[in-house]
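Take a look at the letters that make up each chain.
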Amino acid sequence: MSIIEQLQRIENEARNKVSSAKSVEELEKLRVAYLGKKGELTTILRGLKSLSPEEKKEIGGKANKFKSEIDSQIKDKKEQLADNVSTDPSFDYTLPGRPRRQGHRHLITITMDEVTDIFQRMGFEIAAGPEIESDYYNFEALNFPPDHPARDEQDTFYTEGGMVLRTHTSGIQIREFEKRKPPVKIIAPGRVYRNEAVDAGHFCVFHQVEGFYADSDVTFGDLKGVLEAFCYELFEEGVKLKFRPSFFPFTEPSAEVDVQCVLCGGKGCSLCKYEGWLEILGCGMIDPEVFKAVGYDPEKTTGYAFGMGIERLALLKYRVNDIRLLYENDTRFIKQFR
Amino acid sequence: MKTTHDLSNSSVKIMKIPYSWLKEITGVQWSPEEMEDRLTRSGTAGFVNKHNPEHFKNVVTARITKLEKHPNADKLQVAEVDTGDTTFTVICGAPNAAKGQIVALATPGANLKGEFEIKEIKMRGVISSGMICAEDELGLSDDHDGIIVFDDNTPINVPVFEVLGLDDAIIDFEITPNRPDCLCVDGIARELSVLADKEIDLIKTAPVESSEKASDYIKVTIEDPESCPRYSARIIKNVTISPSPEWLQRRLKDCGVRPINNIVDIGNYVMLEMNQPLHAFDYDRFGSKEVVVRRAKDGEEFSTLDHEKRRLDGDILMITNGKEPVAVAGVMGGLSSEVESDTTTILLESAYFDSSVIRKSRNKIGLSTEASFRFERGIDPNGTATAADRAAALIAELAGGEVFAGVVDAYPKAIEPVTVVLRPERVNKILGTDISDEYMKKTLSGLGMDLEDGDILNVTVPTYRPDITREVDLIEEIARLYGLDNIENTKTNKGPLYSPIHRRDTIKTDLRDLLTGFGFEEIQGTGFAKPKKMLRLEPDIEPIKINNPISDDFAYMRTRILYSLLIATSHNIRHRNIDLCLFELGKVFLRTDKFPDEPEFCGLIMSGTTGATYWKEAYGEADLFELKGILDGISDSLGLSHLNITPAKLSGYDNSCSYTISSGKYDIGVVGRVDRKIARLFDLKQDCYAAELKVGKLIEAHRGIIPFKPLPKFPASNRDVAIIVDMQVSAGSIRKSIAEWGGELIESVEIFDLFTGGNIEEDKKSLAFSMQFRAADKTLADEEVDTVYRKIIKNLEQTYKARLRE
Ligand SMILES: [Zn+2]
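Protein chains in written order, with our numbering: chain A, 10 to 347; chain B, 127 to 932.
Think of the hints as simulated: they come from the structure by calculation, not from any bench. Possibly wrong hints are sitting among the right ones.
Dumping the calculated DMTMM-like pairs for lysine to aspartate or glutamate here, alpha-carbon to alpha-carbon at most 20 angstroms [to be verified]:
1. A:Lys282 with A:Asp224
2. B:Lys720 with A:Asp224
3. B:Lys490 with A:Asp164
4. B:Lys617 with A:Asp85
5. B:Lys634 with A:Asp122
6. A:Lys31 with A:Glu67
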């Protein structure tokens, strides 16, 4: 067999073996076997000494071409094998990824954030006030005269020092009005307290968002518009609202707002107690007595106020059946919401 | 603002009124549901309650024809009950069952309350094929005192649903405190009349009077006309006390009032009808011929109808006979003049008391009654005589009495209706509507108001509407009857352009995002604390106490957020959630001279393991360094300068592991291992690491905007060194020294290894540091770095007696 023929044979053989190689290790062995210092090619090339210069040149050229081609074929094949991890039998893609322990905001926070975000986008500024409040800010300035039956509605905790645990965040209205001149457009989220018997629907602590807007020309239509937009965002665009006249000492006219049951669409179900409607907030036009208490002229300033219980919204939305779960802080509960 | 949280609150009065009564008075033909809807939308929230006829299927009237003791059971009886065509054998346990009674019999096929099917059953050897029902079994009330027994002349084999008139709906009205006029049938009827635009005549019967004059028998003296502006009295002689007729009893029952006897029932009936509380005295036991209304004397004693002896004082208004008290005015009558079965002459009181006086009286004696509730909210001062007439007429009709001529009416200063000015354009300005003057006038006159026309309206308000005193009150009347749902919604946004967001609020969002990202779950504590635990945890601060706590667990306000973290940790561990990373953002409450201080805290607690299960490696245990890493993350993310912790004695934490945290000059909080004795107080056996950060300080300690630093142009050189030093030398101080010794060229020093044991002496440790050197203006030559490095090594050997580790 001539050297050329030998070369041809090795080349074919090498190409086949490289292309069918199964691992990087095997390829490395092939490289050593063909191209190494003691490899077959080297052996062949040793026989060149006996040839004529023309033959040497021809075969030398072919050998170099063969060497570089096989070399690059091995390299390519190695990369191909390295990319393809699945050829590694110990690789099990079904093993779980490294878990990142992810915490969760509390359901009250989730709901509160959702509510305040909506109102902030409408241009309401967030204000805060003390949770231990004076009788003046919690009741008197809000047109709850001492000894008025409306005070009975607010089962109040009293502190030793003659203060009250605020029963609503409405006192922030007074505090902010005192500090500012109209226009004032604010939401006051926060924790409130009621001295009620604790059961699945009631807890002695809950959260409220109170909103109020006082300006030269605020109407009940404005109030309705804002609450409608709010409910469209919180529940669903186009959801139906019902405004029922009601009573709060610090608004007049006052109303309670029902939203069409989000679960049954108004047909009646256990969530809405077969009423078709869910009561979600109270509202009204700010009573002139409140404006008088803060030194605004009720002839020049009108305004609205509304308030809602955050726990109630959270319970409705996630159909949680017991408000106490919110304050037990069981992580199996907390982790369910995001 | 009231929220839906208080749906069940006590002062929203639930008034039960049968639909048939409203229909009878008004002639309005709406269905119960339509009545409910129309009234609710105009401010008188109603809920229709109906009995389901399916639940009364196979329940008929039947007569007990035979009653014998059960042969095998002491407390049971076997009854034969006849429906006219069939006789059923029924086992009965009711003590009030008797032969001859007409009862409610449920026969097989009945499905009581939709949940209890009646079948033929064998009970101790006797087959029972039905049940004689009590009220609770039919869902009529909670009464299980005995079986229902009908009037003797009730026909048998008639559906009980029919006999009891259960096809009538009962409407529960929720009456808000501003609408005392709606605490009666007449009030609701007036609302219906406006809504249906239908004139109605409310019942006003006057009694047929005898020739004897009431004023010859009784005189009324009001000593305190401010507290009792009006007192009307009537005398009715020769009455017979007996049970009320069936129709009256049924109506009272439908309204949730227990029938007593004809006189008491008539009083209640007229109160339900007209909102005028009435009191009937036994004239012969009254003790004099004079009613004197006066304040009680301090220390005076009086026995009320409920057999309670009550101590009085000058805040309490009394009805007396001139010598001694006979009733607490507007609250409750007394035992001595109570109407009893032998009473023949009635002194009927129909009075108007000042609402705040009644409120004070009933608070003082701690007794709230149906009457005091109504007086407190305000009744019609000009309705007392009408109500007395109505009641007297009914007494004459139902108790056979003889009504003396005239109402003895002490009304020293008549209470006149108020006149309120209404500007029609003001209505539309406040509501954002375009309601016509005509609509306003029609609505107000429909509500019984007198109008004097003009550019502005002078509106005279009937005295049964004490809630209307101002223009805005009239605007509310128009709004509620126009229909709030008919007011057009504004579609554009209004208000100030500038509504800033505050760091006070956003920092909480930032902390929540950060901490949940670090794997912490957010909790919500109540803010309350149990005295014993709170004081053990924080003995140095006197907490704010609640005067009227719901329980001992809620008797103090917390002074440390750690309290709530421990409560939550304890709850979780009790429920086998043992690997915990929790945080809370909330206030603590501290005494001051005036308003309490309410600083906001961010509290963190870790216990158990801190990572999540992963097949590649084991997870870490909660310890100080896990928590320090979290704190460093907070500090970096919020833009604070590097945190330092300094050992300190802190209540609640273990003395050997408690530190204050500072960032620059700001003291931002504390961190440490919770004192094991405190932990045990919360039933915690596993170690907890906690931190309490002052949110206000985190805001203050923010470094502000730090100008951009150009990226380095030249490469850095790194050198590592491992040294052996005495155990008590702190890694932090060595690291700080290296950074100083490295001068301008050293860019960072990190501790990358701590090693003890092995071939290291017992009182020594090995620490390894990685240093990075860089110059801003050139590539450092190896020799330059080595010079600094050697200096550091030399200093380490000299200052810390460090030995290089090979
Ligand atoms: Zn529903």
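Okay, the hints, checked on the actual structure:
Proposed proximity of Lys282 (chain A) and Asp224 (chain A) is contradicted: the alpha carbons are some 39 angstroms apart, above 20 angstroms. For the hint linking Lys720 (chain B) to Asp224 (chain A), the alpha-carbon distance of about 32 angstroms lies beyond 20 angstroms, and the restraint is violated. For the given pair, Lys490 (chain B) sits about 18 angstroms from Asp164 (chain A) by alpha-carbon distance, which is consistent with the 20 angstroms threshold. A C-alpha spacing of about 67 angstroms is found between Lys617 (chain B) and Asp85 (chain A), which places the hinted pair above 20 angstroms, so the restraint is violated.
Annotation: proposed proximity of Lys634 (chain B) to Asp122 (chain A) holds, straight-line Cα distance about 11 angstroms (limit 20 angstroms). With a C-alpha separation of about 34 angstroms, the suggested pairing of Lys31 (chain A) with Glu67 (chain A) is violated against the 20 angstroms cut-off.
In this structure, the earlier hints numbered 1, 2, 4 and 6 are contradicted, and the remaining ones agree with it.
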